[in-house]
Amino acid sequence: MEKKQTPLGYVSFSVFAWIVGLLIFFPIFWMVLTSFKSELEAVSIPPSFISFDWTLENYAEVQERSNYFKFAMNSVILAVGSTLVGLVFAVTCAWAMAFNPTKRTKDALLWMLSTKMMPPVGVLVPIYLMFRDWGLLDTRFGLIMVLFLMNLPIMVWMLYTYFKEIPTDILEAARMDGATLPKEIIFVLLPMAVPGIASTMLLNVILAWNEAFWTLNLTTSDAAPLTAFIASYSSPEGLFWAKLSAASTLAVAPILVIGWFSQKQLVRGLTFGAVK
Amino acid sequence: MSTRASTLTGRIMSAPSIIVLFLWMAVPLGMTIYFSFLRYNLLSPGMEEWIGTLNYEFFLTDPAFFASLANTLLLVGSVLVITVVGGILLGLMLDQPIFGRGILRLLVIAPFFIMPTVNALVWKNLLMDPVSGMFAWIASLFGLPAIDWFTNAPLTSIIIMVSWQWLPFAVLILLTALQSLDRDQKEAAQMDGAGPISIFFYITLPHLSRAITVVVLIETIFLLTVFAEIFVTTGGGPGLATTNIAFLVYTQALLQFDVGGASAGGIVAVILANIVAIFLIRLIGKNLDN
Numbered sequence: 001m002e003k004k005q006t007p008l009g010y011v012s013f014s015v016f017a018w019i020v021g022l023l024i025f026f027p028i029f030w031m032v033l034t035s036f037k038s039e040l041e042a043v044s045i046p047p048s049f050i051s052f053d054w055t056l057e058n059y060a061e062v063q064e065r066s067n068y069f070k071f072a073m074n075s076v077i078l079a080v081g082s083t084l085v086g087l088v089f090a091v092t093c094a095w096a097m098a099f100n101p102t103k104r105t106k107d108a109l110l111w112m113l114s115t116k117m118m119p120p121v122g123v124l125v126p127i128y129l130m131f132r133d134w135g136l137l138d139t140r141f142g143l144i145m146v147l148f149l150m151n152l153p154i155m156v157w158m159l160y161t162y163f164k165e166i167p168t169d170i171l172e173a174a175r176m177d178g179a180t181l182p183k184e185i186i187f188v189l190l191p192m193a194v195p196g197i198a199s200t201m202l203l204n205v206i207l208a209w210n211e212a213f214w215t216l217n218l219t220t221s222d223a224a225p226l227t228a229f230i231a232s233y234s235s236p237e238g239l240f241w242a243k244l245s246a247a248s249t250l251a252v253a254p255i256l257v258i259g260w261f262s263q264k265q266l267v268r269g270l271t272f273g274a275v276k
Numbered sequence: 001m002s003t004r005a006s007t008l009t010g011r012i013m014s015a016p017s018i019i020v021l022f023l024w025m026a027v028p029l030g031m032t033i034y035f036s037f038l039r040y041n042l043l044s045p046g047m048e049e050w051i052g053t054l055n056y057e058f059f060l061t062d063p064a065f066f067a068s069l070a071n072t073l074l075l076v077g078s079v080l081v082i083t084v085v086g087g088i089l090l091g092l093m094l095d096q097p098i099f100g101r102g103i104l105r106l107l108v109i110a111p112f113f114i115m116p117t118v119n120a121l122v123w124k125n126l127l128m129d130p131v132s133g134m135f136a137w138i139a140s141l142f143g144l145p146a147i148d149w150f151t152n153a154p155l156t157s158i159i160i161m162v163s164w165q166w167l168p169f170a171v172l173i174l175l176t177a178l179q180s181l182d183r184d185q186k187e188a189a190q191m192d193g194a195g196p197i198s199i200f201f202y203i204t205l206p207h208l209s210r211a212i213t214v215v216v217l218i219e220t221i222f223l224l225t226v227f228a229e230i231f232v233t234t235g236g237g238p239g240l241a242t243t244n245i246a247f248l249v250y251t252q253a254l255l256q257f258d259v260g261g262a263s264a265g266g267i268v269a270v271i272l273a274n275i276v277a278i279f280l281i282r283l284i285g286k287n288l289d290n
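Chains A and B, in that order, give the protein sequences.
Going left to right, the first sequence walks through residues 1 to 276 as this note's numbering numbers them.
Going left to right, the second sequence walks through residues 1 to 290 as this note's numbering numbers them.
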């Protein structure tokens, strides 16, 4: 394990590890590659790896045929919207819990966590009926609310753990100098908390973007994001693999980039600070 | 610091989040519980009546319930075993010096960021299709017949897809835990002549036990309600072969419009999830005290 590795051992272990890693990554690689093929080549056997006519046609057609841009726009609005609404609630709540804790703070945090443990099917029926009665089905507003509430516990928890790391001495010093509460938050706390807030936002965008229970059940067309758009490719008559691949590649690319940047924060956010 | 005034501001500031979460969870949950005691079908509006525990009796004695409970447990159990064992192995692998380790790690965790519907359709079509899929071609290279994955082994197919998606989660968390392992302890054991296997079982694995618990509990919560992967590939079929509890509740509510029955099913799902959640919350609560 910590033994001095021979150069040969290093090289052969690296080769082995890369083979394993590439196998795990293969489905994504294959999806991206297929998106540049013609429909005919996408289903050809044996599959072609490099020697095919590379084309961007699928990307153009996905937009033309199915108005891809509309769904992508919905995804962006839902992910960003729910994140911004969540941030307003979560920052104030986490700030209060981290710097003005009461006896019940711990209970409140754990209770918030417990709402996250509730399987969505447990509330599917009433939420669906309420959405129907209030005309919220297939609206962006309704879905932003659902995604915001779904991720609020995670946002509060993440921000709480970040705020806890800020030394309270600095806040007290600011208070001594006569800073009012809003000033204390805006000029002292926020600048120190920016990295934590940024990674909380990134994680929230990822979770909202990929959410596929409520988005599939509460939308039909107007507010449908990319998760629902891709799901529409599952019907047998719509089996266009190259176009499916192109649409999928576009749908996952931005999140893959964001995800790669925030992999460290992911652990903190998804384990509620239980693993450091 | 905790003066009366600041306690009050603290309460006022945390109240909005707590109130909206309460409205979002407790109120609908209360409604689900109420509906679960009603005869309530959307196709016959105005006919709602109190029928006591009849919905539960129907749901819990329905063969579909046993099938979906078995599928749920099989799905959760298999994915847990695959991701935890795979996660430990990959975590140990990525903890070694490797050429280009940072990039390799990105490749390994990438599946976690793929949206479930994309994951499902890429696996179903590009990889597992019995005619033009990658696996069929690989099988043909070895002279083997192609497997019609979603007809002959539908639940296994779902398990494979979901495992692929959750493996990176286990890897990330276990790798984080591995990196906090005290190197001195390992070196001391090595000096005393311990081989890599006994170091793994007596030092590494005990150190990982807490992280493994967290992975198991959190994955269980999410895996109990796998939905999109089933929705876009098999639609719960063939027959009930891939219907889990979450999907069964969905079909009762939004396809058969049986609000009462679906609500009873939803409550059963909540109870199942809570059995796991109690342990998880206790564990995290202890951690909060430190």
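Hints are computed from structural coordinates only; laboratory data are not their basis.
Just so it is clear, CB atoms sit at the ideal spot from N, CA and C, and this is done for glycine as well.
Misleading hints may appear alongside valid ones.
Within a straight-line C-alpha distance of at most 25 angstroms, the following computed DMTMM-like cross-link-like pairs (lysine to aspartate or glutamate) qualify [stated by the list, open to error]: (1) A:K264 to B:E49; (2) A:K70 to A:D138; (3) A:K106 to A:D177; (4) A:K70 to A:D53; (5) A:K183 to A:E165; (6) A:K264 to B:D148; (7) B:K286 to A:D177; (8) A:K70 to A:D222; (9) A:K106 to A:D169; (10) A:K164 to A:D177; (11) B:K286 to A:E165; (12) A:K183 to A:D169.
Label-pair ranges, simulated between beta-carbon atoms [unchecked claim]: (13) A:T168 to B:N41: 52 to 60 angstroms; (14) B:L74 to A:V15: 29 to 37 angstroms; (15) B:G52 to A:G135: 15 to 23 angstroms; (16) B:Q179 to A:W260: 36 to 44 angstroms; (17) A:M130 to B:G239: 32 to 40 angstroms.
Comparing the hints with the structure gives:
no. : hint                                 : result
1   : A:K264 to B:E49                      : violated, 52 angstroms
2   : A:K70 to A:D138                      : holds, 14 angstroms
3   : A:K106 to A:D177                     : violated, 31 angstroms
4   : A:K70 to A:D53                       : violated, 29 angstroms
5   : A:K183 to A:E165                     : holds, 20 angstroms
6   : A:K264 to B:D148                     : violated, 39 angstroms
7   : B:K286 to A:D177                     : violated, 37 angstroms
8   : A:K70 to A:D222                      : holds, 9 angstroms
9   : A:K106 to A:D169                     : holds, 22 angstroms
10  : A:K164 to A:D177                     : holds, 22 angstroms
11  : B:K286 to A:E165                     : holds, 18 angstroms
12  : A:K183 to A:D169                     : holds, 16 angstroms
13  : A:T168 to B:N41: 52 to 60 angstroms  : holds, 57 angstroms
14  : B:L74 to A:V15: 29 to 37 angstroms   : holds, 36 angstroms
15  : B:G52 to A:G135: 15 to 23 angstroms  : violated, 33 angstroms
16  : B:Q179 to A:W260: 36 to 44 angstroms : violated, 18 angstroms
17  : A:M130 to B:G239: 32 to 40 angstroms : holds, 33 angstroms
Against the hints set out earlier in the document, violations occur for numbers 1, 3, 4, 6, 7, 15 and 16.
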